[in-house]
Amino acid sequence: MKKTSLLIAGLAAAPASAASISITIPRLNVAEYHRPYVAAWVEPAGGGAARTLFVWYDVDLRGAEPGTKWLSDLRTWWRKGGRSLKLPADGVSGATRAPGTHKVTLPADLKPGQYTLYVEAARETGGREIVSMPLTVPVAGGSASGKAELGAITLSAR
Amino acid sequence: MRMKTSLLIAASLVAASMPAQAHRQWLLPSGTIFSGQDPWVSVDAAVSNDLFYADHVAMQLTNVKAWNPQGEEVAIQNASTGRYRSVFDVKLDKPGTWRIGTSQSGVMGTFKVDGVEWRLGGRRGPPPGAAQGQGGPAGGNAMAGRPGGQAPRFVATVDEIPANATDLKLTETSGRNEIFVTSGAPTEIKASGKGLELVPITHPAELVQGETARFRFTVDGQPAAGLKVTVVPGGKRYRDAEGVFEVTTGADGVAAIDWTMPGMFWLNATLSDDKPSVPRATARRMSYTTTVEVMAP
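In the order they appear, the protein sequences are chains L and C.
Heads up: the first sequence begins at 694 in the numbering used here, then just goes up one per residue.
Heads up: the second sequence begins at 155 in the numbering used here, then just goes up one per residue.
Nothing false has been slipped in among the hints.
Mimicking PhoX-like on lysine-lysine, the simulated pairs with C-alpha atoms at most 25 Å apart in a straight line are:
| # | chain 1 | residue 1 | chain 2 | residue 2 |
| --- | --- | --- | --- | --- |
| 1 | C | Lys245 | L | Lys779 |
| 2 | L | Lys779 | C | Lys248 |
| 3 | L | Lys762 | C | Lys245 |
Restraint-style ranges between C-beta atoms, simulated for each label pair:
| # | chain 1 | residue 1 | chain 2 | residue 2 | range |
| --- | --- | --- | --- | --- | --- |
| 4 | L | Ala724 | C | Arg391 | 26 to 36 Å |
| 5 | C | Arg391 | L | Arg851 | 46 to 56 Å |
| 6 | L | Ala724 | C | Asp243 | 26 to 36 Å |
| 7 | L | Gly740 | C | Glu342 | 21 to 31 Å |
Quick caveat, the hints were computed from the structure, so don't treat them as lab data.
Cβ atoms here follow ideal geometry from the backbone N, Cα and C, with glycine treated the same way.
Take these sequences, add in the hints, and give me the full structure.
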C-alpha cells in the first residue's frame, strides 16, 4: 500500500514531458542488413485519430528513389497517419537508427488518458513487425517485446 | 475505321471478362499504395485461367487509360505487349487515388435480311450492301438460299444494319475493368453514373485482412441490389483450393467482403437488364472487373 502511494506521488511529481519510450532494435545476423524503418504512434483507447510519435527512415536517400519511397512499407503506420504527414516533419521524423536501445521522449502535450502505443518496424530485404501495448498518461510504466524486427519496448515515467 | 476497330475490341473484351468463360481478364498493379515523390506503378494486363498467371493471351492496351486524382486523363507509358501479357507504367505525379483501366461499350446481336441471319459485333465483315455486289464468300448473294448452318455474316456497327433488316435482337454491352492506386493520402473515387460501377465505401487503399470491406455497386448511379460479386484470390498455385467466393449485395447495393487472406484479389460482377441506352437494342449486359490489394494486418 505504502509503495503504491509513493509511486503515485512520484508520478504526480514527474512532468508528463519526462515520460519516455525505450525501443530496442535487435542486432540481426543476416547476410544483408539494412537499418529498419521504424515508426511509433498512439491511438486513444476509445478510438480517435492516431498521432505519430516518430518515424525513422532514410532521410538522406535522394534521387529517383528517395527514402520516402519505402515509407509505405510501414504499412499500418502509413494507413493510420503516415500518408497524411508532410515529411520531413519537425520533431517527428529522423534518420534510421542502428541496433541498440533508443530512448524517445513522449510529447509533453499528450493529454492524460488511455492510449494504445504502436511501434512498427520494416526492414529492406527483411521482415516487418508491429508491437502494441497499452499506454496510460501520465505514464506509470510498462513493457512489451517484438519477436523478430523489434526487441524490448519499455515505457518509463522518466 | 478506327471507330469500328475499337468497337470490335470492346465486344471481345466484354466477352473475355464474362464469368461464363473460363478465361479471366485482369489488370495487376505492382502495388496499390505508394509513398514518396512521384512514384510509378507498373501494371500487367492479360487474359488467363488462373489469377494472376500470364499463360493465355495478352490484353490489348488500345483502350487502357489512366485518370489522375483530379479526373484528368493521362497517357499510359512504356506500353508493351508480349506473348502472354501486356505491361505498362503510369507515373503517379499527383498525390491521391488514380483510376487505371478500360471502359468499353458496344452492341452485339443478330438481325435478318431477306430471311438470312446476320450478326452485329464479333468478327468484321463487309456490310450487306457491299457484299451483294461483289459476290464474295461472305456476300449476300453467295449465301442466299443456302440451308441453315452456313457461315454467319457480320456487320460491325448499328449504322451498317440495312433499313430492310428484320428480327432485330440487339444487346448493348458495356464493361469496365479498372484498378485504383493511391500515392500518399487517398482521395474520393467518384462514380460516372453510367453502367455497372463500383463505388467504394471502404477505400481500396484501406483493405486489410480481418476488416470487412464495403463496396457499393451501382447501375446508372442507382444501387444494384442482389448483385452477385465473385471474389477470387490470386496465388492459387501455392495452395490447393481456388478460394473463390461470392457475395451478394443488399438492397442498398452494398457488398460486404471479408478477406480470406492478404494479397491481390480479382472481383467481377455481371448484370443484365432491359434498359439499353442504344436505340434499337432491347437488352443490356454489363460487366465490372477490378483487382484490389488486401494488406496483412
